[in-house]
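Enquirer: The lines below spell out each chain.
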Amino acid sequence: MVELRAGRAGGMGEILDVEGPYEVAPLGRSLVELAEHRPEIVGLTADMGRFSDIHPFRDAHPDRFFQIGMAEADLVMIAAGLAKTGKIAYCTSYSVFILRRALDFLIIDCAHSKANVKIFGGMPGLVNPYGATHQATDDLAVLRMVPDLTIIDPCDATELAQVVKAVADIEGTVYVRSLRGKVPVVFDPDEYEFELGTARRLREGTDVGVISTGFMTQRALIAESVAKDRGLSVGVLHTPTIKPFDAQGVTEFARNVERLVIVENHQTTGGLATLVTEALYDAGIQKPVIRIGIQHRFHESGSQAYIEAKYGLDQERITRAVVEGV
Amino acid sequence: MAVEAARPSVAQLEAEALELRRTMLRMAADKGEGYIAQGLDIADLLAVVYFRELRHDPRDPDWTERDRFVLSIGHYSIALYAALHRAGYIPEEALETFGLNGADLALSTFDDQPGVEITGGSLGHGLGQAVGMALGYRLDGNPGRILCLISDGELQEGSIWEAAMAGAHHGTDNLTVLIDSNGIQADGPTVLRMEPIADKWRAFGWDTVEVDGNDVGAIAGAFDDLRDRDGRPKAIVLRTTPGSGIPTLERRERAHFVRVEPAEWSALLEELERENG
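Chains as they are written, first to last, in my numbering: chain C, 1 to 326; chain V, 327 to 603.
Any given hint could be a false lead.
Residues of chain C placed beyond 10 Å of chain V at every Cβ, according to the derived structure [unchecked claim]:
(1) Lys165
(2) Glu204
(3) Lys228
With the C-beta cut set under 7 Å, the calculated list includes, among others, these residues of chain C facing chain V [as the list claims (entries may be wrong)]:
(4) Asp74
(5) Ala80
(6) Lys84
(7) Asp104
(8) Asp109
(9) Ser113
Since the hints were derived computationally from the structure, they do not count as laboratory data.
From the three backbone atoms N, C-alpha and C, an ideal C-beta is built for every residue, glycine too.
Model the full structure from these sequences, guided by the hints.
Expert: Shown next as structure tokens:
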């Protein structure tokens with residue numbers, strides 16, 4: 001595991017100022033590798049090829065790539081149609097557009113039909129300087145209510161690259177929150193292995209248990225190292241699969257710690273915190289919990305650093321919750 | 327082995343359209359109400375589609391090279407089920423269960439029913455999927471065609487025009503959209519002005535013809551006109567009359583959702599036989 005500071009999202013959702021190792025366009029690069037020996041894979045985008053990192057696939061396999069234009073409902077419908085002729089359709093746009101414009105099509109044409117459509121939504125949560133029109137802060141809450149849909153929120157370039165390949169073997173429709181541009185490498189590709197439906201214990205500890213998803217796990221790991229220096233024993237559980245959710249892994253983890261911190265780049269209602277607390281309640285576990293996430297409101301625009309600091313998603317806030325319990 | 331499309335005569339197709347109408351009335355009888363008017367208005371089209379145009383195999387509904395008929399207007403299910411019955415997909419005894427609790431033949435179409443290509447009902451979903459299917463067939467060098475039936479009211483869904491743009495841009499000439507232009511919608515006669523429908527499709531880059539949708543000879547002629555034209559997707563605008571084939575229903579307020587008294591069904595069937603006998 002590599003320790004580094006969090007990057008910042010720039011104008012078109014790329015992560016700028018990455019300190020430490022990173023991969024460029026892990027989604028597209030991984031898809032190109034996979035598609036070399038999987039001729040049934042096709043790629044589509046809705047005028048977001050360059051800004052959702054599917055462009056390496058477009059360049060490598062132009063015959064299997066379809067530009068759909070600025071039409072997200074059409075993107076999802078056409079992907080479903082391709083899937084119904086035996087293709088595995090990878091489609092990319094921004095999370096917020098897929099969620100809001102294409103939801104009916106995603107539910108009926110894809111999930112209800114168990115169509116082999118793999119949706120990579122860029123810039124989920126507060127990862128965009130354009131404000132509420134571009135911030136999909138509610139995608140996990142909305143999509144977890146859709147039956148026959150798999151939802152994955154990867155942490156870093158290593159995991160995203162693995163997820164690109166893993167979802168080809170998952171029957172049916174998958175939604176992945178994806179990161180673009182220079183994507184930090186947090187997990188060592190020789191050690192880490194994504195497994196659908198399994199929460200991964202990255203650190204063992206008994207004082208505090210941090211449960212996190214997406215790129216927030218990077219910050220959870222940094223908070224853990226600070227806490228360790230202060231003499232605290234902190235466990236970190238990374239939950240990349242939001243649906244199906246590893247409720248058993250979460251409750252086993254939670255049993256062995258004094259208190260919990262739940263960290264997500266999503267509203268604290270309806271996403272990870274809700275899933276975790278539901279699982280704990282069902283298992284009869286009651287522990288002090290701090291929920292760190294996006295508030296239930298519309299958020300202003302600004303730089304990633306500004307927004308995160310303002311709304312309490314930044315490293316300092318997370319570290320304080322883990323170390324000081326406030 | 328797959329059934330190659332036959333070339334039946336106009337008289338044979340008219341006889342088949344009558345059989346489809348009889349089947350629909352039988353399915354609807356005692357149910358009180360439903361989309362019978364729309365079902366009847368596309369009976370002539372479905373006779374041409376299923377008994378002249380479509381290459382398919384009822385014994386192998388998933389045959390890879392089949393022509394696909396995509397019913398975007400899923401609430402026209404009664405018509406599709408009647409056609410699938412006549413084409414050999416749905417047994418006689420299943421027809422009577424149409425719309426009943428627990429039956430496979432639901433009021434809207436679900437794609438787990440053999441012969442049904444998409445789950446329909448929510449409008450504006452069919453054409454985009456049909457474009458995707460056409461692209462998939464072209465990638466595979468699959469000779470099959472995609473036919474997609476939509477309605478004039480459905481043209482108000484923006485997703486139809488998104489799909490029209492993409493189909494034209496990608497040159498899906500293995501795709502034909504069929505537009506049932508019957509002039510009725512839920513809130514009354516076409517609630518937004520949609521004309522000129524054919525010009526809209528032409529402007530979007532589709533090779534378009536317009537026909538009397540209750541004339542099987544004209545419909546067959548439209549398919550022939552468009553058959554070997556390459557490079558552009560095709561559109562057939564079908565001008566139809568709701569309740570077509572039964573004057574009493576044709577006159578019934580051009581109704582979207584027809585209500586029929588229980589005692590009326592046998593009279594309607596007699597009228598159908600008298601008018602078309």
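Enquirer: Next step is simple, just say for each hint if it's right about the structure.
Expert: Comparing the hints with the structure gives:
1. Lys165: The assertion about Lys165(C) holds, with a minimum of 21 Å to chain V.
2. Glu204: holds, 46 Å
3. Lys228: Lys228(C) is indeed farther than 10 Å from all Cβ atoms of chain V, at 51 Å.
4. Asp74: OK, holds: Asp74(C) within 7 Å of chain V, min 4 Å.
5. Ala80: Holds. Min distance 5 Å.
6. Lys84: holds, 6 Å
7. Asp104: Constraint on Asp104(C) satisfied, holds at 6 Å.
8. Asp109: holds, 6 Å
9. Ser113: At 6 Å from the nearest chain V Cβ, Ser113(C) passes the 7 Å test, so the hint holds.
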